[in-house]
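Visitor: Spelled out from the first residue to the last, the chains are:
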Amino acid sequence: MTVLVVAERTGGRLAAASLDAIAVGISLAGTTAAVVGFAAGPGARESASDLGQYGLARVLVADDPSLEGAPPCAGAASVAAAADRVGADTILIGGTTYGRDLVARLAVKWKASAANGVTEVTPADGALRIRRPVFGGRATETRTLAGPRRVLSVRPHAFPPPPSAPASPTVEPLARPEDPAPLLGPKRTGVEATAAGLGPSLGDASIVVSGGRGVRTAENFHLVEELAAALGAAVGASRAVTDAGWRPGSFQVGQTGRSVSPQLYIAVGISGAIQHLVGMVSSRVIVAINSDASAPIFRVADYGIVGDLFQIVPALTAEIRRVRSA
Amino acid sequence: MEIVVCVRPVPEAETRLRVAPNGQTLDADGVKFVLAGYDESAVEQALLLKEAVAGSTVHVVACGPAPRTEEVLRASLALGCDRATWVEAPAEFAADSIRAAGAIAAVVRSPLPDLLLCGKQGGDDESGLFSGALGEHLGLPDLNYVTDLRWDAGTSRFRFQRATEAGAERWEAPAPLVVGLQQAWNDPRTAKLPNILKSRKATVAKVHADPSVPPGAGQPEKFELPAPRTGAKLIEYKTPEEAAQKLVRILREEAKVLP
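Listed in order, the protein sequences are those of chains A and B.
Once you know that position 61 of the first sequence is 61 in the numbering used here, the rest is easy, because the numbers rise by one and skip nothing.
Once you know that position 187 of the second sequence is 513 in the numbering used here, the rest is easy, because the numbers rise by one and skip nothing.
Hints may contain errors.
Stated by the list, open to error - Here are some chain B residues pointing at chain A (derived, C-beta under 10 Å): (1) L374; (2) G458; (3) T556.
To be verified - Below are the DSSO-like pairs computed for lysine-lysine, each with C-alpha atoms no more than 30 Å apart in a straight line: (4) A/K111 <-> B/K376; (5) B/K376 <-> A/K187; (6) B/K376 <-> B/K524; (7) A/K109 <-> B/K524.
Just so you know, the hints here were simulated from the structure itself, not pulled from any lab data.
Here the structure is a predicted model, which is why all the values come from computation and not from measurement.
All C-beta atoms, glycine included, are put in the ideal place defined by N, C-alpha and C.
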């Protein structure tokens, strides 16, 4: 089995989600020799040496300035060319917005069986068996991806990071294959770091602290943010909060917002409407803090504190800070 | 502007999920199918553009079995779409988003519309494969996780935002384009009763999905429901400080999610 791992770069380093893809690649191929890295766009050469930190001995680089500010689909032809060059049968990508979109393009372009957001991958008689949460984490499906080629994105945080095994990979430049010009028509003209400006982004964070209606006012929301800051967590919110304009829509966790699956999810003053639950119920450990003991959030939570959040949350923030500094 | 919006019937959000007797899929028996939430946003987006750009038409397309697929198409007509095409296919065909995108691409290919809209992912399998596969089938760029899509007549460009890990990205793109919509930023309208009654008699064009379109999302093997959560272990305490200390100790020593 030969695996091509696609490296994504965010904030001047390898995206955390790419490490998940590397970890799966190494576990599948059995030996790092069969795992090949691919990096494209600005910073691709830095990504190549970062991939070497995990033992990847060969990295293909598409150092193509036209991919700067281009849509994810514009890179699909380069990924397919890289996979063909190394004779890969499986392409793995981190399950980010970039990775998920690329998987869909490659499924058709590279004629591969595809799945997004997988949490388990095992070889099965020449095919791959994958598991992934569906229905917002309310169910899990297992599928068999038969055929000679597979392209997968890996759900963030679903796998332990790959062990460090520093190597100096050989870096091979990859010329951009002829792409139909229309794919380069869309242009990114700017980015406003929204929720990400306050800490790790919602999709990437291993801990998420979310506030709901129980916080009562926009001014009180700093209680949620201080707890998140103490934990190094991302900040989320229920729809009640974003509808009221206390925080922008980019904070929203739930059916009409973002789905998250961190290691730890702390729901502060959130009652637990089904629209919110489908966006966070696949989190590994859920903690609820709410004054209403009958709130539905306590039915999906692992641990609960029934009480006044205005007393509990500051005490919790102080305790986290105390433990962290000890 | 010619707009195609692709929708998909999914179980309504409150559905109590059950496993089918074969153990491989959701048991659809007795389940009520509706427009997915993301697809409602896509329909609303199409209608907003139609209202903003004179002479626009909205063509709604769905791939799937009777009766659920025809029902969501009629629901879309009741909301204000101009015409509907039902690409009839068995449920297992349509459940494969890559395959459904191939079958729909064959229907909308000529003449190519200016914009093809869909939800960012199915409200059921959340595969997130449809918009990219549709774009690749048609040779068009696709952008997913889009919000706030507008047409700028002055520059003949779509302008929109994308919600990504980096934050809110601003984009512009010429037509034709495939767009997957992130969320209900646009507060979808509800259908008025006279329009619902009219939609029941409206024409829904019907074509059969091309069975030679290859599958792409693999074979379902098992569909599982998690063991029911038994409810939260509630922390007993006398002071907020005691509650905080107990919770932090549990998260570090029992759940092992804090260092």
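Visitor: Hint by hint, say whether it matches the structure.
Guide: How the hints compare with the structure:
1. L374: Interface hint status for B/L374: violated (17 Å vs cutoff 10 Å).
2. G458: Hint holds; B/G458 Cβ to chain A Cβ min 2 Å, cut 10 Å.
3. T556: With Cβ-Cβ at 9 Å, under 10 Å, it holds.
4. A/K111 <-> B/K376: violated, 36 Å
5. B/K376 <-> A/K187: holds, 24 Å
6. B/K376 <-> B/K524: holds, 20 Å
7. A/K109 <-> B/K524: violated, 42 Å
Of the hints listed earlier, those the structure fails to meet are numbers 1, 4, 7, in rising order.
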